[in-house]
Amino acid sequence: MAIAFPSVEWVEEYKKQINLSEGYKKAGATWTAGVVALVTSAKPEIGINEDVGIWLDLHQGVCREAKIVTAEEAQKAPFCITGDYARWKQVMKKELEPVKGMMQGKLKLKGDLPTIVRYVKASQELVECTTRIETKFLDE
Amino acid sequence: MGGYTNKILEVDLSTRKMDNTDVPEDDKKRFIGGSGVAAKIFLDRFNIKADPLSPDNPLIVMNGPITGSTFPGTSRFAVCGKSPLTGIWGEGTCGGNFGPELKFAGFDGIIFKGASPNPVYLVIEDEKIELRDAKDLWGLDNYAVTDLLKERHGKERKPKVLSIGPAGENLVRFAAICNDKGDFIGRTGMGALMGSKKLKALVVKGTRKVEVSYPEEYATLRKLLVTKSRDAVVAQSFRSMGTDAGMDLGMMTGDVPIKNWSIGEDFQLSANLGGPSLTEKYLTRNHACSFCPVACKRMVKVDVGPFKAEEGPGPEYETCAAFGTLIMNDDLAGVIKANEWCNRYGLDTISCGATIAFAMEAYEKGLITKKDTDGIDLTWGNIEGAIELIHKISKREGIGAILSEGTREAAKRLGKGAEEFAVEVKGLEAPMHDPRGFHGMGLAYMTSIRGACHLMHLCLGVEQGITAYPEVGFQENYVGQSSEGKAEMVKLCEDFGIPCNSLVICEFVAWTLSANDLAEMVRVTTGFDFSLKDLLSCGERTWLLKRGLGNMMGASREDDRLPKRILTPVGEGAAAGSVPDVEKLLREYYEIRGLDSKGKPRKEVLIKAGLEYLAKKLHG
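As given, the protein sequences belong to chains A and B, one line each in that order.
Once you know that position 76 of the first sequence is 761 in the numbering used here, the rest is easy, because the numbers rise by one and skip nothing.
Once you know that position 462 of the second sequence is 489 in the numbering used here, the rest is easy, because the numbers rise by one and skip nothing.
Isolated chain A (complex conformation) (with noise of 0.2 Å):
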């Protein structure tokens, strides 16, 4: 059965499609540098009335932790992507890479982009993972 995004159902099977992932291991195998946080604007014509952070604590090609946390949490993290539900659809859709996406300005990131940048392959297999996701996009 399809997942909303986003949801507590859908971040808890994330983090279950990451730690499956042997690409994500790899590719990920060096990642300490905290915390990724993911911000999907607000947009209450499909039900999102505030903000919504999703937090993954990625470690090593692990993720430690994944939980739905408010906007204002997820500024916390040592990296926080900002982007509004059309974008993250995009980015699940694999229509749009995220670095890309960052350079165009359509997602906005808060955090070192040097690192950001070291670490695509791992972003790459981290949106692979979404795609493995039965999604259930709230505009559809």
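Think of the hints as simulated: they come from the structure by calculation, not from any bench.
These figures come from a predicted structure and were not determined experimentally.
Please note that a few of the clues may not be correct.
Claimed, not checked - Each computed DSBU-like pair below joins lysine-lysine, with the alpha-carbon atoms no more than 30 Å apart:
#1 630(B) with 795(A)
#2 422(B) with 710(A)
#3 286(B) with 711(A)
#4 560(B) with 630(B)
#5 791(A) with 56(B)
#6 250(B) with 806(A)
#7 793(A) with 255(B)
#8 308(B) with 761(A)
#9 308(B) with 806(A)
#10 286(B) with 710(A)
#11 255(B) with 761(A)
#12 793(A) with 250(B)
#13 806(A) with 328(B)
#14 728(A) with 255(B)
#15 795(A) with 308(B)
#16 255(B) with 779(A)
#17 250(B) with 791(A)
#18 778(A) with 611(B)
#19 779(A) with 611(B)
#20 774(A) with 182(B)
#21 806(A) with 630(B)
To be verified - Short, incomplete list of chain B residues facing chain A, as computed with Cβ under 10 Å:
#22 298
#23 493
#24 609
Beta carbons are placed, not taken as given, at the ideal position from N, Cα and C, and that holds for glycine.
Model the placement of chain B on the given structure of chain A, informed by the hints.
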């Protein structure tokens, strides 16, 4: 009419006669400036059939109206002429500080005609202009000659210097021209053209300011654009890691050529050679061209080891790939040393690295041996061997004499199938972006005016999604490994990219701005009634003009091609199994662009663009 000084210095090096000239206002409106106006001057006044290294081939240094205006990215100027490397129209642009200083001295450009019998250099201090003897400078490398001239002519204020090194003096066909040690007109061998005129250097000091037509609008627009450019993520990326920031992303998308374009992926190489490594290990400080909020330039230093180097200008992405992935070298310190030698000698790092990669493959295949290389081991990855070759190429010694002619000619001379792995288009070595990952870039290489070029169109930014210009008509997300819709994209990219070399503006800064911003910069500076539509029309007209020049110099439909190596799929990486559909791309492009079966712009297309004179020359 702001922006222009309306004065072009004309120097006849054969007679030492100097004069001022200008182009009609109409040509400024139609071709803007920079390499656009230079091409028009060439067509109007010079011998198209002249040998590139003969006195009849002019060297044209040209600013654009916004050069020196202090708008972001306006340090650039163009240097043009018939290319000694390709034999067709050649041009390059350069950042740094020379262009603005030339304008501050009162000139839109300089046309060098003829050739001096002895080495000379030109000194401009506002109205005071002098050709001076350069016998004592001949043989000095770019760093030494720059230091010497700054000292000699900089008692109160240091001048800006444009120079050639030994490679230009020795007529290496891919010799570059250097501005103050760190910025280069690299492509198409303009350094050899300058060397053929025995012109060692230009020294300029100016005290004027660029006058703009609408000062209030200019001030408002400038403030807005500086902030916009500075804050763009691509600018932040380049500022923090240099242009080499693109190495890691490029490896992921199949953009980075490896082992003379025969391998599709090697993440270890990109991890060692990419922007983060360069920044963490060797960066001493950032550096910026005049008026640039992006500040992508790197100053680097290697403290220890065989490639120890004093602080100096560091390698760009193109150099990190050309002396890194392309030759299978993972030692970034070695790349920095190779870059320093190329800077000192005055060599285009793209063509030089590509030619060395070609030599390494020839060595692997047994087409050349240690006997031919005077004992240099050219095994893949041997950066020491590559650096030894740089010396030989610059001095035209031994195998270096053949390689100094460029890959196309070297392949001809080596024979035995060497053309199969010579990666060039129209004689210009391909830059470090793989068309198998991005098919539009393949078409852009085929149709670019000066040969395999990644700059005279904005394909790199547009197709890879680094930037987007919806107002021009581009799609938002192009699929790299598809030839669908790419002919239209490339034509638009050219029409928009060509004016960047006319304005002249840095492409990287252009990535951070909108197309309307560029048109506005022209309007408030010049006072022309100028919109985005005019910018694109100028782009199309100038592309047709330069294409016509290329046609008259011998380029035809057969030259719009990709080398066999690029049409051979790689087995791994993001672009595995993918090659551009050349037949489809060219068929559609020829239709959209209005080219005939010989590759010439059709008569009616030229007339529509207001190029009746060129139509008559091309079609009678």
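Evaluated hints:
{"no.": "1", "hint": "630(B) with 795(A)", "in the structure": "54 Å, violated"}
{"no.": "2", "hint": "422(B) with 710(A)", "in the structure": "50 Å, violated"}
{"no.": "3", "hint": "286(B) with 711(A)", "in the structure": "24 Å, holds"}
{"no.": "4", "hint": "560(B) with 630(B)", "in the structure": "22 Å, holds"}
{"no.": "5", "hint": "791(A) with 56(B)", "in the structure": "36 Å, violated"}
{"no.": "6", "hint": "250(B) with 806(A)", "in the structure": "37 Å, violated"}
{"no.": "7", "hint": "793(A) with 255(B)", "in the structure": "15 Å, holds"}
{"no.": "8", "hint": "308(B) with 761(A)", "in the structure": "29 Å, holds"}
{"no.": "9", "hint": "308(B) with 806(A)", "in the structure": "21 Å, holds"}
{"no.": "10", "hint": "286(B) with 710(A)", "in the structure": "28 Å, holds"}
{"no.": "11", "hint": "255(B) with 761(A)", "in the structure": "26 Å, holds"}
{"no.": "12", "hint": "793(A) with 250(B)", "in the structure": "23 Å, holds"}
{"no.": "13", "hint": "806(A) with 328(B)", "in the structure": "29 Å, holds"}
{"no.": "14", "hint": "728(A) with 255(B)", "in the structure": "27 Å, holds"}
{"no.": "15", "hint": "795(A) with 308(B)", "in the structure": "24 Å, holds"}
{"no.": "16", "hint": "255(B) with 779(A)", "in the structure": "28 Å, holds"}
{"no.": "17", "hint": "250(B) with 791(A)", "in the structure": "23 Å, holds"}
{"no.": "18", "hint": "778(A) with 611(B)", "in the structure": "28 Å, holds"}
{"no.": "19", "hint": "779(A) with 611(B)", "in the structure": "26 Å, holds"}
{"no.": "20", "hint": "774(A) with 182(B)", "in the structure": "62 Å, violated"}
{"no.": "21", "hint": "806(A) with 630(B)", "in the structure": "50 Å, violated"}
{"no.": "22", "hint": "298", "in the structure": "7 Å, holds"}
{"no.": "23", "hint": "493", "in the structure": "5 Å, holds"}
{"no.": "24", "hint": "609", "in the structure": "26 Å, violated"}
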